[in-house]
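Chains C and E, in that order, give the protein sequences.
The opening position of the first sequence corresponds to residue 1 in the numbering used here, with each subsequent residue numbered one higher.
The opening position of the second sequence corresponds to residue 642 in the numbering used here, with each subsequent residue numbered one higher.
Just so you know, the hints here were simulated from the structure itself, not pulled from any lab data.
Treat each hint with caution, since some may be false.
[Stated by the list, open to error] Straight-line alpha carbon distances no greater than 30 Å define the calculated DSS-like cross-link-like pairs of lysine-lysine that follow:
#, chain 1, residue 1, chain 2, residue 2
1, E, Lys-929, E, Lys-855
2, C, Lys-603, E, Lys-1244
3, E, Lys-1274, C, Lys-323
If you're wondering where the values come from, they're calculated on a predicted model, not measured in any experiment.
2 protein chains.
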Amino acid sequence: MSTVENQLADIEEEIEREVPSDITITEVRYEGPELVIYTRDPKRFARDGDLVRKLASKLRKRITVRPDPASLSRPEEARETVLNVIPDEAGVTDLDFHTDTGEVVIEAEKPGMVIGRHGSTLREITQEVGWTPEVVRTPPIESSTVKNVRNFLKQERNERRDILERIGRQIHREEMSDDQWVRITTLGCCREVGRAAFILSTPETRILIDCGDKPGADDEVPYLQVPEALGSGASSLDAVVLTHAHLDHSALIPLLFKYGYDGPIYTTEPTRDLMGLLTLDYLDVAAKEGRAPPYESEMVREAIKHTIPIEYGNVTDIAPDIKLTLHNAGHILGSSIAHFHVGDGLYNVAFSGDIHYDDTRLFNGAVNEFPRVETLVLESTYGGRNDYQTDQEDSERKLLHTLNNTLERDGKVLIPAFAVGRSQEIMLVLEEAMRNGDIPEVPVHLDGMIWEATAIHTTYPEYLRDDLRERIFHDDSNPFLAEQFNHIDAGEEERQEVADGGPCIILSTSGMMEGGPILSWIEHLGTDPDSTLVFVGYQAQGTLGRRIQNGWDEIPVGNGNGRGRGNTLTLKMDVETVDGFSGHADRQGLENFVRTMNPRPEKVLCVHGDESSTQDLSSALYHEYNMRTFAPKNLETFRFI
Amino acid sequence: MSTVENQLADIEEEIEREVPSDITITEVRYEGPELVIYTRDPKRFARDGDLVRKLASKLRKRITVRPDPASLSRPEEARETVLNVIPDEAGVTDLDFHTDTGEVVIEAEKPGMVIGRHGSTLREITQEVGWTPEVVRTPPIESSTVKNVRNFLKQERNERRDILERIGRQIHREEMSDDQWVRITTLGCCREVGRAAFILSTPETRILIDCGDKPGADDEVPYLQVPEALGSGASSLDAVVLTHAHLDHSALIPLLFKYGYDGPIYTTEPTRDLMGLLTLDYLDVAAKEGRAPPYESEMVREAIKHTIPIEYGNVTDIAPDIKLTLHNAGHILGSSIAHFHVGDGLYNVAFSGDIHYDDTRLFNGAVNEFPRVETLVLESTYGGRNDYQTDQEDSERKLLHTLNNTLERDGKVLIPAFAVGRSQEIMLVLEEAMRNGDIPEVPVHLDGMIWEATAIHTTYPEYLRDDLRERIFHDDSNPFLAEQFNHIDAGEEERQEVADGGPCIILSTSGMMEGGPILSWIEHLGTDPDSTLVFVGYQAQGTLGRRIQNGWDEIPVGNGNGRGRGNTLTLKMDVETVDGFSGHADRQGLENFVRTMNPRPEKVLCVHGDESSTQDLSSALYHEYNMRTFAPKNLETFRFI
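Extracted from the complex, chain C is given alone in its bound form (with noise of 0.2 Å):
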């Protein structure tokens, strides 16, 4: 017997010695993090409330009990009964039976309610029918990402499952080192913005910390061929943990399986979605400007498959020596704070992905409290001295001011941003200022991916700010469902349409004008002196948004939509920039943030940030705090233990 099926033994036992003698356990196996036990009285089990946590307690695991199927009922019979059980107004939208898990699949428009108070309604479907329920809500707004993501993983259930057994194997396997260490190898974004990716190793273990792209830099990858990464062979990867879906994060984790890699991404569900959606647009944008995509599109259903989610909060074993817990960043829908507690109290290390310390609309504010903190990799995007970024009440205020103005002389308003985050923070700023009457009620159209992205917030509002979730949840007054939000999805001939109509607001990707449904929007309103185009967000060097902040007004036209080649347009708009919408921290709030920590970390490596800021961050902790300071470059290893 190898050593896991040993321990899978002795936990058998003394689950046995743990239950009541009138439970029979049939099987216990890893699945991933988790322990599955099966057990031919899953109604004993659900009648217990206390007995799970009592295991999983006693066990130190995360344990899911399953039905074994010999003790199942049948899936017509059990349908009826499961339907029976929850209440009407939790809008069940979907049933979906696993006889091989012995799991029921509920989607429903509030899982709350299938949920019950603490889990009560899910127990009381395990102890009328055995089954073992699983909930997920029904998107409000229908989201092909989700429901793609959802049919494939529905799809590949058994070679999930598989690969699951083998990751959990993986996970519990016996330590074979007597040597303690703890280091960090930076493979990307040391003293630049984007290709973030870093290892988190022991004697152990060898962790992948995100692995994105550097916009602007296709040929700067992260040093993934370098022997600490994946020079000793994709397989020397215990697990990869992403912190958020922006393509400077995720962009090349689809590549890794490309390269073999062949084990699982931790990161949070929205993030998995929203990494799958900005991915394949990733792989379209390099089809149309002609480069090679780096993989093809199968290696992010590759990515797909092998991501284990976790709750923000969540302790979870990802290798023998290794937990990790996910925690909010503040930064886009489902970013994460990534903390590794290493060894039994050796050693931990939190990477802090990227940060918004303060409350926005959409999100709370980055957490900073954890239970033990000895060194912080810390995001340092405005840590240069000068990195101070106007409010956000301001910059609300300032915008509505040229909204007023704009569509008062019935003038449209046209704002590129970028599908995931700023586009649902813009939208919530709308949605209440023409509630409260502010400004003008108008249509505000949606175009490009930020409907889709849209959809994916609403799936999952409990990664929303709490006083929004509380919102949709209890008032059920969603404001992504207003219904002056309009999803442009019938192509240049609604534009057309729209253009041709009265004052409106239009939000558009691509955010730095490189592409994408804006430059459309630029043909049919770049010559009307009525109407302003706002930058919300940064413009990065070389981009046209850039250009046009600069004062360019020759705007090449034409180009990519058949109509026309190498026409210049003459800018006619109002062009308005809005700062504060940033999703990242300013130095003020990467200071508050460090300042605030509980526990102070002893180190922090400043990264993610140009050379300057990473310095001046870097020197201001230290001489404010006086806590040891690095602003590492790219290739460096450091050793904490």
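Given chain C, work out where chain E should sit, using these hints.
Showing chain E alone in chain C's frame:
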């Protein structure tokens, strides 16, 4: 054709263009770092002394010219001619003709006379017979190590030629990467003494510098298993560079071959021989102490077979982007500072190995002038704030005083000493003192490996201090051949005779009294109150030597030589300690080395010293010279470019 074939074809064309048209080139190939030109006209090459120099500077390669085997006179004929050309006083002891390479290896007592002024005699030999002469010294004291190494290499000549060709092709392969970086990874000897090992890496190349054990801690070996080292396969290493033969730098070099390494070891010729001597002894000691040796003696032979000896000051290509130059380190015979020039003027790093900055009797002080050095990796054995040693002159006075006291009362002086380095230094002190009449002329008995180590020293006088070398070469007065030195080569019987005889001095291993014949001498002399035990080297914590220094006088005896077990002896001898004979620079020496270094490095990594020594030195160099200094931990990676 492979790229190397193409390259060689191009080079051959270029050579054809450069040499006079009556010289026929038959083949051009790589052998290790050298480019070997085979010609039907070796005599023409020999006539034009400048031709090879011009080609070397044109091609920027080290060049050797060899006769095409077809153009050679028969060895029987050539032998007589060669012996006629060489003056009789050269003392030729062997001639060995190699028909495969056209080389004739000439072993002579006075190699200088075989070489002639600026190589004139060598050229004359080629002009007369066509063969390419190679000269080695006949050891003035017969050395079994030197004899065995030479015989072994002669016997493995064919395989070695294949190895050299393979290595040569590796060195001259095309560069693959557009990237540029230079990194050092610490695998051992950081914040500790022992297990020296570093990786120097670029996108192209990975070099291991040293690979030693840690005395007194058998289980603490360099971190070879990490991916930056051998974790991604031993074949990922391009080269190994050995600074010197002490076991804390060399002990695990043969282990690399057990792990599958098959590349070159660059070091000086005496270091190669001493490494052979010391690693074989290391295996011997392990066997005697009942420990499993980490490798078999076969691996020592592999290491010797893969060694490419290089001389101080010779710039050698060891990878497409790295040139190595070894410089005298003043520490032991053949000890080197390894200077790496990376890229075409990109970066320069020097690894000090172990250094002695001031001249000693044996060696010139360490070289600290380089064309360029940006980073220095500096030993810090005596880097602590109080690590100042007694001046050697004072130490010598104290030693002679102690000797005189003991010898005057007809006592014997027993000196435990390391075989390599300190023994020869003391021999020089004794020889001079006797020659000057400062101490009586008494026999000096050399026991253990000291005689053999001394024989190796006499084989390589080029590596000794210049005035000592001059004395040996020109005055023909080799102090190591002084008649008072006696080799204890008849074991216990001879020791008994010496113990029963008159006043004398005995130098014996091991230096810390942890084993070896010194234990037998203690049995013979330990109870004689007229005799004196004199410590001249560092006694580590936990060794018998340290315990005796601390006043212990109950000495366990009779272990290991068959005469009784478990007895103790009450020490009655005088015990004296004379320090100041260290092979290491003290704190002052280290500071002087850096202060007068030309050019002054930008960064210094202080290694090879305990935690406080490395930190003290790092901090002092930072404050005094405003350099960026570090006291790395093991397993860290520093990036310089």
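* Do the alpha carbons of E:Lys-1274 and C:Lys-323 lie within 30 Å of each other, as the hint requires? -> holds, 25 Å
* Asked: Is the straight-line distance between the alpha-carbon of C:Lys-603 and that of E:Lys-1244 30 Å or less?
  -> The given pair, whose Cα atoms are some 22 Å apart, holds under the 30 Å limit.
* Asked: Regarding the pair E:Lys-929 and E:Lys-855, is the alpha-carbon distance no greater than 30 Å?
  -> It holds: about 18 Å lies between the C-alpha atoms, which stays within 30 Å.
Violated hints: none; the structure is consistent with every hint.
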